[in-house]
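Asks: Keeping the supplied structure of chain A fixed, place chains B and C upon it in accordance with the hints.
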Amino acid sequence: MLRIRRVPAMLAALLALVATAPLAALPPDPVDVSAVDRPGDGGAAVFVRWRVPAPDETARAIVERSRTVAEATREGAAETPWILVAEVDPLLGQGDGYLVTGIPNSKGDRHASDEIVFRVAFIGTDGERTPAVEAAPVVARANAFLLDKIPLAIVCVVVSASVLAWILLSRAGWSVKIRRIAALEAIDEAVGRATEMGRSVLFVPGIQDMNDIQTVAGVTILGRVAKTAAEYDAKLEVPTARSIVMTAARETVQSAHFAAGRPETYDESSIRYITDEQFGYVAYVAGRMVREKPAACFYMGAFYAESLVLAENGNAIGAIQVAGTAEASQLPFFVAACDYTLIGEEFYAASAYLSGERDQLGSIKGQDLGKLFAAGAIIVGAILATLASLSPSGPMAGASTAFRAFFGG
Amino acid sequence: MTTKNTEQTPDGMRGFFVRLGRLDRRWIFLAMGLSIAVPILLKLRFPEVPGPMARATFDSIESLPDGSRVLLSFDFDPASKAELQPMANALVHHCASKGHKIVFMALWPLGKQMADQAIKEVLLEYHGDKYEYGTDYVQLGFKAGNEGVIKVLTTNVAEAYPTDASGAAASGLPLIADVRDLGSFDLVSTVSAGYPGAKEWVQYGRESMKPEARLTSGSTGVQASQLFPYYPAQLNGLLVAVKGAAEYETLVTEKYPVDRNSERLEQGRIRMGPQLVAHLLMIALIVLGNIAMIASRGTQGGAR
Amino acid sequence: MLRRTIPMLILASAGLLLIVAKFSPFTVSWQETVLGWFNILAAVAFVLGAGNLLAVNLEQISSRRPGWAYAAITLFAFAVTLVVGMFKVGAVPNGMHPDIHLAGAHDVPQAPFGWIYDYMLVPLTSTMFAMLAFYVASAAFRAFRAKNIEAILLLGTAFIILLSQTAAGMFLTGWIPEDSVFSFLRLDVMKRGITEHVQTAGMRAITIGIALGVAATSLRLIFGIDKSYLSKT
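Protein chains in written order, with my numbering: chain A, 1 to 409; chain B, 410 to 713; chain C, 714 to 946.
Because the hints were derived from the structure by calculation, they are not lab data.
C-beta: ideal position from N, C-alpha, C; glycine also.
A couple of the hints might just be wrong.
What the hints assert, rightly or not - Just so you have them, the derived chain C footprint on chain A, three or more residues with Cβ under 8 Å:
1. 40-51
2. 72-85
Said to hold, decoys possible - In silico DSBU-like links for lysine-lysine, alpha-carbon gap of 35 Å or less:
3. A:Lys177 with C:Lys801
4. A:Lys107 with B:Lys529
5. C:Lys860 with A:Lys177
6. A:Lys149 with B:Lys507
7. A:Lys371 with C:Lys801
8. C:Lys940 with A:Lys235
9. C:Lys860 with A:Lys293
10. A:Lys371 with C:Lys940
11. B:Lys552 with C:Lys860
12. B:Lys507 with B:Lys529
13. B:Lys664 with A:Lys107
14. B:Lys552 with C:Lys735
15. B:Lys452 with B:Lys664
16. C:Lys940 with B:Lys521
17. A:Lys149 with C:Lys940
18. B:Lys529 with C:Lys801
19. A:Lys107 with B:Lys452
20. C:Lys801 with B:Lys539
21. B:Lys619 with A:Lys149
22. C:Lys860 with A:Lys371
23. C:Lys940 with A:Lys107
24. C:Lys735 with B:Lys619
Next up, chain A with everything else stripped away, as it sits in the complex:
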């Protein structure tokens, strides 16, 4: 039986327990809350950091930020001075911190935000929220160099260095052997055939404008074809889908006629602008092919859906066809329907190959070194990924992740 003297003490203890129960469910406030501008970026991103004193009692972390000057003037802004950024796992604030992106730039400075204050509050396991703790104001600023582009910079330097190195080496007399590219060897044969048959040569430089490197490569090959046509006295037709390409093609063909010693045979009207509209252009070219029946057709440049229409029409009229494009999706059509096809990088190597100059051939060798580098990276990455999958928690997993992260994966 209870002694009467102990009842007040027990009552007091019970009261204390009841009074403190709600406070015991609330986790401790966030500690060491700070916000730092993310380094090496274009602005608009900040790392928010905090420590979690009692992880077992903390369910979520709420990250909020103050309004910018522009946001503060909006209707209703006064009632809600804080904008909810995210509700996240509380442990995300440790280490580097939680990355907040999309911070608006200041009106006066496109590369920096206003001063922003971030604050963090915790939600306990019972759903109760702690008071928010503010960090010192931070400005999300753009930095001079984008750190996430370092891998791209390294690859650029490696590829450029290998190309330039081989140019210098070939100038110094190193042997540069390039394998025979049948499509380019066939240019003379095709133009000669057209001359024998008394029919024209058709050259289609693609349907894109001069800002596309494929068109530049195509016009370069046009110069070679035009020179051969001038030497053989064959009629060359060049319908273009862009006005600037027409101008560039005219310059190129005229230069080719001069180089061949036949300036009087240059006919400006054989290089004409048709239309920008893709299928309007191919309708003209297809109709022209069926009526004029050129003996040789060259398709060199950027092509899309019209590639098969051109190639099949050329096949129907019995022309010898040489195609070259870097549009990977159109290559199968050209390969199926044309006599010779320059696939991807062969097309870009064409101008160097046709020139025969040591410098340019050296650049092709340098490009091959770049390919070796890519192949090596693929093999290393594949081995690391395979080893990582066999041992997900081993050191290879970390190496594989780091390797992928370096290349932007």
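Replies: Here is chains B and C on its own, set in the frame of chain A:
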């Protein structure tokens, strides 16, 4: 219409196949024309079983909270309309059925007209009572610049589109008045026929979207091979050609059926009938061509 | 000398500058600016192209060369579309500015320009694109021959893809359970394997080669090693 052949042609079945190898292409064109026309006229339909990519596209939109803000880019023209308009229509119907707020734009000059068609035939037809211009949907129209437009959108939508397609100030349209950049959208979907299109959206737009936002694409069969590497890491969903459109239509119309003009949301499935017959014809032609090649081995005039 | 030196200098400086500009947020937008300049140039050059179109077709009509009727149709279509579009003939008045004719909408079906688009451009371009189906069939008949091992593999792949893209794929192998040991024999599974692994690998390899080709070509042009684009006259 077979070509005359002066070379020696064997007799019998072998000779038949050798002559078949020299078949005038016009017979092939006629066969292809019939294989497309007859199923259309007979209204041949086949059941579609949606594949994982169509499901992923469907889930990307379905899992968004109702009323999310989505950007639909119509990057194709009338030439690809037959292949892409069905999936575009299904996309619009799906987004509207979820009550998503839709911003239409185009990177191709004639893409705006494709979007107008989807708005007229699908959005206003089936959801006109719930969708009000400016608040629930906006047509921004075409903007020249190819991938440059996407790059501007990554930082400042108002700079790329100060007005909508009809010239109304963007700041006066509630749906986009507070849109800052691509990060303001919960979903970006492009229906693309080539350049500029899905690849450019992945290369230039993906990074600026919110990490939890979705990027999906519908593309022609020819272009799809360039997009497979991006699925599912950068592209959350990918619809490929008419097959993808038909699969996606199946998913959308099963969940959100319509009670009138249902053929507007069945165009992909309608096209699967001729696709089946045409593909079978192609297989038959390939087999016949190879038999002709084997049959003509050893004769002077080989099959072409 | 100026005709060759100045273009080379412009190309070299612009090329190097834009490469370096890619790596800093302060200059990363320069590429769009330059692209904008190019678009302006291309728009101005369009006038040049239109002038050339007129000149060539008029000459063909006046000399009555074979096919001159096509030239006449071309010029007629060009003139009508230009006038109807530029002056917004028959445009639907703008609700906000009904008195200003040029504020009207001319690209709607009710306006002549929209009519030209809906009933001429759309059917014509769709027709040209649809012709691909016929050409694919004739190309397949002519070119897909099993002459060697690679061609046989190609044909087998083609058959799998052609069948799996249609209901025939489900009809032929859809009965094989997806979770069975033999699920790899399903045509849709084979198609996925081919497109996601084999095709993707090949496409990536070609793309890497193309990217390196672009890099090498650009470096040749930037450093003036390839001068074939310059006039030699």
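Asks: Hint by hint, work out which the structure violates, then give me just those numbers in ascending order.
Replies: 2, 3, 4, 6, 7, 11, 13, 16, 19, 23
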